[in-house]
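Student: Sequence lines, in order, name chains A and X. 1 is the number of the first residue of the first sequence in this note's numbering; add one for each residue after it. 1 is the number of the first residue of the second sequence in this note's numbering; add one for each residue after it.
Because the hints were derived from the structure by calculation, they are not lab data. Positions of the beta carbon are idealized from the N, C-alpha and C atoms, including for glycine. Do not rely on the hints blindly, as some may be mistaken.
Stated by the list, open to error - Stretch by stretch, here's where chain X covers chain A in the computed footprint (C-beta under 8 Å, at least three residues):
hint	stretch
1	81-90
2	178-190
3	213-219
4	231-237
5	242-253
Claimed, not checked - Just some of the chain X residues that point at chain A, by a computed CB distance under 7 Å:
hint	residue
6	A35
7	A36
8	H41
9	L45
10	L48
11	A52
12	A54
13	Y58
14	M60
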Amino acid sequence: MTALLTRVKTTLSIRAHRRVRGMLDGEYASIFRGKSHEFDDIRPYVPGDEIRDIDWKATARAGYPLVKQFIAHRKQTVTLVVDTGRDLAAAGAGGEPKRDVAVLVAGVLGYIAVRHGDRVGLIAGDADEVRLLEPKGAESHLERLLQVVVERARLDGAPSDVHALLERVVRTVRKRMLLVVVVDDAAIDEETEQLVRRLAVQHEILWVTVGDADVMSADWATRPMVDVADDRGIPDFLRRDRRLRSAFLEAEVERATRSADRLDALAVSHVRVARSSEVVPAVLRLIEAHNHARR
Amino acid sequence: MSLVNIGLVIGWVVVAAAVVLVVVLRRRAHRGEDAAVHVAHGERLTALPGYARALRRYRMLLATVLVAATLLSAAAVILSGRLVSLTTVQPEMRNRDIVLCLDVSGSMIDYDAQIVETFSQLTEEFDGERIGLVLFNASAVTSFPLTSDYAYAREQLDALHADLVDPDTDWAFANGTLLGNGSSMIGDGLASCVMRFDDLDTERSRSIVFATDNYVAGEQIMTLPEAGEFAQSKDVLVFGLNPGDVESLDYIGEFADEMREVVEGTGGSYWALDDPNAVPSIVEQVQERQAERFTGEPILVVTDEPTFPVLAGFAALAAVMFAGWRLRR
Numbered sequence: 001m002t003a004l005l006t007r008v009k010t011t012l013s014i015r016a017h018r019r020v021r022g023m024l025d026g027e028y029a030s031i032f033r034g035k036s037h038e039f040d041d042i043r044p045y046v047p048g049d050e051i052r053d054i055d056w057k058a059t060a061r062a063g064y065p066l067v068k069q070f071i072a073h074r075k076q077t078v079t080l081v082v083d084t085g086r087d088l089a090a091a092g093a094g095g096e097p098k099r100d101v102a103v104l105v106a107g108v109l110g111y112i113a114v115r116h117g118d119r120v121g122l123i124a125g126d127a128d129e130v131r132l133l134e135p136k137g138a139e140s141h142l143e144r145l146l147q148v149v150v151e152r153a154r155l156d157g158a159p160s161d162v163h164a165l166l167e168r169v170v171r172t173v174r175k176r177m178l179l180v181v182v183v184d185d186a187a188i189d190e191e192t193e194q195l196v197r198r199l200a201v202q203h204e205i206l207w208v209t210v211g212d213a214d215v216m217s218a219d220w221a222t223r224p225m226v227d228v229a230d231d232r233g234i235p236d237f238l239r240r241d242r243r244l245r246s247a248f249l250e251a252e253v254e255r256a257t258r259s260a261d262r263l264d265a266l267a268v269s270h271v272r273v274a275r276s277s278e279v280v281p282a283v284l285r286l287i288e289a290h291n292h293a294r295r
Numbered sequence: 001m002s003l004v005n006i007g008l009v010i011g012w013v014v015v016a017a018a019v020v021l022v023v024v025l026r027r028r029a030h031r032g033e034d035a036a037v038h039v040a041h042g043e044r045l046t047a048l049p050g051y052a053r054a055l056r057r058y059r060m061l062l063a064t065v066l067v068a069a070t071l072l073s074a075a076a077v078i079l080s081g082r083l084v085s086l087t088t089v090q091p092e093m094r095n096r097d098i099v100l101c102l103d104v105s106g107s108m109i110d111y112d113a114q115i116v117e118t119f120s121q122l123t124e125e126f127d128g129e130r131i132g133l134v135l136f137n138a139s140a141v142t143s144f145p146l147t148s149d150y151a152y153a154r155e156q157l158d159a160l161h162a163d164l165v166d167p168d169t170d171w172a173f174a175n176g177t178l179l180g181n182g183s184s185m186i187g188d189g190l191a192s193c194v195m196r197f198d199d200l201d202t203e204r205s206r207s208i209v210f211a212t213d214n215y216v217a218g219e220q221i222m223t224l225p226e227a228g229e230f231a232q233s234k235d236v237l238v239f240g241l242n243p244g245d246v247e248s249l250d251y252i253g254e255f256a257d258e259m260r261e262v263v264e265g266t267g268g269s270y271w272a273l274d275d276p277n278a279v280p281s282i283v284e285q286v287q288e289r290q291a292e293r294f295t296g297e298p299i300l301v302v303t304d305e306p307t308f309p310v311l312a313g314f315a316a317l318a319a320v321m322f323a324g325w326r327l328r329r
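Pulled out of the complex, with its shape left as it was, chain X reads as follows (with noise of 0.2 Å):
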């Protein structure tokens, strides 16, 4: 709590002790010379037994006036100072891009799934960032580009997920990503990700949600570790979801540390996991590291707090006039 105005409560406190004083010393110089009425033999009212008590009721109400009066100004005056609650927060960074970039050869199809559902939930959360879609097996295929049209996306996503799940889905999602020469091109798909973020001169946090297994079959035209390299260079995170990385899968494991080691050479995070429910904790957890990796400079926040002035204003205020109302009367 601070004022803003403080040396606009300084000068009122200034004037309002001036007033006091100018008051007192105007009442002290005229005393006596006002239109007083002199009586005497005042202690045939003031000795009276009612007298003491009507004297009483009428220096609590004086005090009232007083007391609530005070407080009147000094609220007034805290007002006008403007009173503030001064915190420091560090702002999320809204303006992150990201791309999910499913691999979808056929042992990835659960985790895509779930990857897909937990993203179409976030959209709901979302606000300033951009989400965008790119599906790759041979070849890669932008289902989506990276937009703010939340309703849209969310579209995009629940269809796809709704054939992920179909047991007897076309594949027409996967249309076009069997393009190359082979298939699982793991390089060129996250280069291809990485090749989805446009608008590169604007501060923009860019992350990939890379969700594959690494394991290639086929001819790629760029490897993993130099697809790694690109996403560096344009400054884009890669948080790699690998299922492949399970004992049961040892024959890949080898695959599975190039992916970790190229991953984490981007600042990003890897997983390895074996279960696809597993991967709703795991989006919270790249959104959270990214909120870490990303929040911007502490800003002060200014928030005016007039409630409580005001309420006790309007009190003392309540107060002056009730009493008054009983004093006059």
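Excised from the complex, chain A in its bound form (with noise of 0.2 Å):
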């Protein structure tokens, strides 16, 4: 099996993102900002810093910005949630399966964090199954994360249950962590709010949601599909329907806007990713908004 580990870096060392991903470094180390005080090192500034974490003295002696650098900091938790059911084998809007997307997602986040010294741990699961790695700090380790999650989202696996998922998540994760949910366009319902609720009391919570496929997109008007739900296939001719697909698209954006609302209404970051060129940009994205929106 190929790394996926080394897409994930790849993608992160490609020119247009290698500015992005010192911002990124900086950014998700602000998320833990203020957790504790204990010092432990400076080290020199990157962009997306407290500007208040900056040593002025040490930067006077230096020449260049330093910033103090907490014990805390260091060994925070980063459990990515991840839906692992059949939904998440299905086509995303870029037509890449929605699972290459969020094991990109997971893989950017997780390596950043492991870089960052922290250590990643894994909630993934499905109907069937919800299954939970231990939190470590090993590149090697989120390799094998990332591997768990390809090897269940497959498209004979079981039905996707983000519901089951996060309960499983309240249950377990006592304590506080980052927690970055990785899911699909599923509707928000009710039960899944609640849930939501109560994890982002404790948590710091970055909400990932990996675009569906465009049922009607003419990208594959062409081609046969097929749901994964029951197997059964929608008709090309019921997708060129200019007035299904209008009413369609109508549907679409309520429910995406609704889906949003609550996640705002709940103060959870979430950004939406379509397709795999779009990963690091929107996880920058995310985090800058999350610590936006907390200072």
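Put the two chains together into one complex, using the hints given.
Tutor: Listed below in structure tokens is the structure:
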């Protein structure tokens, strides 16, 4: 199996993302701002670092900005909460399986965390089973986590069950940590909302929605289409129907708006990612928004 | 209705069944392996109220295509099988020779005129028949020989008819009929008419329309019965029209009986008549009688009937194209 982490690293190191990557590091570090003030070390400033963490005296001596680093920052725990149901194996808005986008999102955030010295764990599941993998700080561990996601999210796997997944998180995770929730466009219903509300009280939550494929998109108008939920085909004739299309788009916009509104109401930072190429900027935007919201 | 190339039809049906089977099996085997797009939350589309409507329309179009395509192939298969209708006909033989054998003695003129007029009209319908005209009194004269030149025959018959009905006629048409020893040599007349048939080797029906009162006034070479036997030997039917066989002419009753015997002896029919206007209906009966006698073997006629399959095929093709266009749009 190809090393999933290699793909993550490649994505982060392509030219367009190089500048973003530094900012990601800084913004990521800022998530845990103010949780502990036990001084550990100073390090060079990177964009995104809190201005008030700058050690002005050290900066004056060095001639370039230095920030104070605190012990607590180094041993944060990040838990990737990933839906690995059959739905994730379905096509995303960009045409590739949503699983690939989800793995990239989890990989990028996990990799930054690992590089930052934090530990990364995984809670992944579907209607059949929810798996817990202990947080550890090694890249190899992160690779293993990503492999679990890839293995479980298959077309012949169990249906998705975001509710069960979040319930499991509520029951098992006691310690305060950063939860990176990676789910698809599934509507956020009342019950899910309740769970998210409980989680948001205790944890930092970064909510990443992997966009579903537009069923009626012209990109695959000529290809057969199968609904992963029941293996039933959706005839292309119906996908070309103009009236149906406008009704569908209307319904989609309404649903997406409602989901976003719910998350906004819960003050959960969220972002929607449609395709792999959008992952890095989207994750940066997400963390920025998260940090900004709390300031 | 039946199919000529039934083997071909069966072949096509077998091929079609095989193709359908292969396609179904292949589809089943390759289900899900094709480049299908797998999507989640399809119910967001399928739960829309418009979806059920569109799906119904889609299924209807599909059903239309299926039915029409089946109909189209069925029509094609049937056409390849050559749809024919089989009918048996008893063809009326059109190879008849008719000699009008008219006694032109004074008493017969009205009847002759009717016979001539009727046959003049009949030439319109003739096709393959030949007609000839012999006038006799003491001797027989061929007015025109057996011919299928109907325009000519008609011209002759019409000219004769004009003479017969003209009270001031110069009797030129009867020239040469009085060269015998006496007049009204009926037996000689019939025998002469029988001799007018040519081409005796070919299979033709030969008949004589023989109009006379059989009142002999002179010395004949052949008597009427002898002439009848002669006709019989040549396989000639004689249809006799006798205006003399009426009560007012009782004195020649035995001549009438003789004529009836002779005529029926040849296999023909005999009519006694006292009104010239009855002639057309008698001629009609003569025709029928002949037709009865001279119908050929029943023939099986095979007629191609492509009209219905072709039209049905076109309709089905139109339906396929229309539904296909709606589906592909």
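Student: May I ask you to test the interface hint for H41 of chain X with respect to chain A, counting a Cβ-Cβ separation under 7 Å as satisfied?
Tutor: Interface hint status for H41 of chain X: holds (6 Å vs cutoff 7 Å).
Student: Against chain A, is A54 of chain X within 7 Å by beta-carbon distance?
Tutor: 5 Å, holds
Student: Tell me whether the statement that chain X covers the stretch 178-190 of chain A is true, taking a Cβ distance below 8 Å and needing three residues at minimum.
Tutor: The restraint on the stretch 178-190 of chain A holds, since 3 of its residues have a Cβ under 8 Å from chain X and three suffice.
Student: Please verify that hint: A52 of chain X, Cβ, nearest Cβ of chain A, below 7 Å or not.
Tutor: 10 Å, violated
Student: Given a cut of 7 Å on the nearest C-beta pair, is the interface hint for Y58 of chain X held or broken against chain A?
Tutor: Where the cut-off is 7 Å and the nearest Cβ of chain A is about 5 Å from Y58 of chain X, the hint holds.
Student: How about the stretch 213-219 of chain A: do at least three of its residues have a C-beta closer than 8 Å to a C-beta of chain X?
Tutor: Holds: 3 residues of the stretch 213-219 of chain A have a Cβ under 8 Å from chain X.
Student: How does the stretch 231-237 of chain A fare against chain X when you require at least three residues with a CB closer than 8 Å, holds or violated?
Tutor: n = 6 at 8 Å, threshold three: holds.
Student: Hint validation: M60 of chain X versus chain A, beta carbon distance must be below 7 Å. Holds or violated?
Tutor: 11 Å, violated
Student: Counting residues of the stretch 81-90 of chain A whose CB is closer than 8 Å to a CB in chain X, do you get three or more?
Tutor: As far as the stretch 81-90 of chain A goes, the hint holds, because 5 residues have Cβ atoms under 8 Å from chain X.
Student: Measuring from the C-beta of L48 of chain X to each C-beta in chain A, is the shortest one below 7 Å?
Tutor: 5 Å, holds
Student: For the hint on A36 of chain X, just tell me whether its beta-carbon gets within less than 7 Å of chain A.
Tutor: 4 Å, holds
Student: For the stretch 242-253 of chain A, do at least 3 residues have a Cβ located nearer than 8 Å to some Cβ of chain X?
Tutor: Contact hint for the stretch 242-253 of chain A vs chain X: holds, 6 residues under 8 Å.
The structure does not agree with the numbered hints 11, 14 stated previously, though it agrees with the rest.
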